[in-house]
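**Q** Chains as they are written, first to last, in the working numbering: chain P, 4 to 168; chain D, 4 to 168; chain W, 4 to 168.
Quick caveat, the hints were computed from the structure, so don't treat them as lab data.
All C-beta atoms in this analysis are idealised placements derived from N, C-alpha and C, irrespective of residue type, glycine included.
Derived coverage of chain D by chain W (criterion: at least 3 residues anywhere in the stretch with Cβ under 8 Å from a Cβ of chain W; other residues may be distant):
| no. | stretch |
| --- | --- |
| 1 | 98-108 |
| 2 | 118-124 |
| 3 | 127-134 |
| 4 | 145-159 |
Distance condition first, Cα-Cα at most 35 Å in a straight line; then the derived DSBU-like pairs of lysine-lysine:
| no. | chain 1 | residue 1 | chain 2 | residue 2 |
| --- | --- | --- | --- | --- |
| 5 | D | Lys167 | P | Lys167 |
| 6 | W | Lys167 | P | Lys167 |
| 7 | W | Lys64 | D | Lys64 |
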Amino acid sequence: MDGTPSYDGDMSVVQQRLQELGLVLPCAPMPVANYVPTIICGNELRTSGQIPMRDGQLQFKGTVPSCQSVEEAQEAARLCGLNALAAASSALDGDLDQITRVLQLRVYIASDSDFDGHSTVANGVSDLMVAIFGDAGRHTRVAMGANTLPLGATVEVEAVFQIKT
Amino acid sequence: MDGTPSYDGDMSVVQQRLQELGLVLPCAPMPVANYVPTIICGNELRTSGQIPMRDGQLQFKGTVPSCQSVEEAQEAARLCGLNALAAASSALDGDLDQITRVLQLRVYIASDSDFDGHSTVANGVSDLMVAIFGDAGRHTRVAMGANTLPLGATVEVEAVFQIKT
Amino acid sequence: MDGTPSYDGDMSVVQQRLQELGLVLPCAPMPVANYVPTIICGNELRTSGQIPMRDGQLQFKGTVPSCQSVEEAQEAARLCGLNALAAASSALDGDLDQITRVLQLRVYIASDSDFDGHSTVANGVSDLMVAIFGDAGRHTRVAMGANTLPLGATVEVEAVFQIKT
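Please construct the entire structure, taking both the sequences and the accompanying hints into account.
**A** Below, the structure is given as C-alpha cells:
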C-alpha cells in the first residue's frame, strides 16, 4: 500500500475488511460447460450467474417462502454475492482492491406465485457489498422473481464491477 | 441552444417534447435499501429496476391478464419508463438532452402461465422512448415474463442510456 | 484477409466455420415494433432478445419439459443463438470476423415449476458459440427460468459481443 510491503500478513484493504466481517470467500465456482466465470472488457468485469453453492454443494433450494423463508433466501443471496466476489477475485489475481465500484447486481429469486418480498431478499447481497466496499459498494439493482432457477436454486445473482484500468 | 439563452421559459429539447406530449416526469423514486437509482460509467447511464410507482404508490399490481389487462400493463410499462427517465434526469442535473441514445430496455412482465402478449405490453415503454427521443429512442429490447415482481408489481423496466461524455 | 482478396469464393473465417459446421444463418429477424435488433456502442454490440424463429415462424413453443423436451429446448436455444448471429451479421455488413469475443449470453427458459435443467438447455447456445468462435466464443452466462416468454417461445437469448473498433 505504501511502497513498503510487509511480507508477513500483508493484506489488501478488501481482504482486511472481509476478515473484520468474519467472511471467507468460497472457492471460485467452476462452470461445468462452455462458458467462463468472468470476463473483463475495458473497465468492466462481469460475472456469470451465481447460485448459492459452497464446497460444490447447493445450499438453498426451492421457492420462497414455501421451501425457504425470506431470511434463508437473504442468506442465499449473500452466498451468491460471495461467489461473485470469489469469481472476480480469481480474475483479478486475488486483488479485489482493483474493484472501484459495484456497478450492478441482478438478483433473481425463485418464488411462489404470491411472493412480493424480493427487495428484502435482495438486501442480503446489497448489504454485503456495502459492508465490504462502503459507498463504492452501492450499486444499481434489479430484483425479480422466477418460477425456476438452475438446479432448483433459491436465488441467482449476476454482478458487474467497475475495475481499475 | 443557440448561444442566446432566453431566461424565461428556457427549455431543453427533451423537456419541450415532454410538454408537447403532455407528460410530467414523476418524482425520481428513492431506493429504500443499499442501492442507488442510477450509475454513470463512461458514456453509459444504467438504472435500477423501475416499477410503476407514482407519488410513492404502486399503481399496477398483479399478473396479466387475470389482474391487469394488456392495456393496463402497457400503461404500467409506460409509467416504469417515466420513472427511469426521472431517475436519469436526477443523475443528469435535469438535463435529459445529455441522452444521445436509448441503448437498451429490459421489460419484465408479471404474467399468468398462458400469457404471450409480452411485446404488446413492452410497446408501452418502447413507444414512449421514441415519442420523446425520436430515432435516438429506438433501443434494443428484451421482454420476458416473470411469475412475480417486487411488491407484486405488474411490470418492471431497467434502462441503459448512452450519454454525452 | 491478406490484402489479396479473391473475388470468387472469398469467405471470412467465421463464414468458413459456419459452412464446415453445416450451419446457415437464418434471415435476421425484424422487430415489429419501436425497437431495433442490435446497437453498437463503443466496442460492444448488444442484441435484442431472440426467440427461436425461422422463416418468420416460431419453431419451439411452450414450457420445458411438459411441452418441449430438454433436447428440443437445446435446439431452440441454438436457433436463438443463430438468430443473434444473424442480427449481428446484419449490423456488421455481413462480416462476423469483426467479433472478437462473445462477452455474455443470457438464456431465459420457459419452464414448468419443477424444472432444474437450465444448464443443459443453455448449452445448446453455449456450445454453438464455441464451435463457431473457438476460445473467443467462451462467454459469461446467465441461465434462468421464466413462467412465460414472448409469443409463448420456449427459449429467449440475448447476446453481447465484443467487436473490433
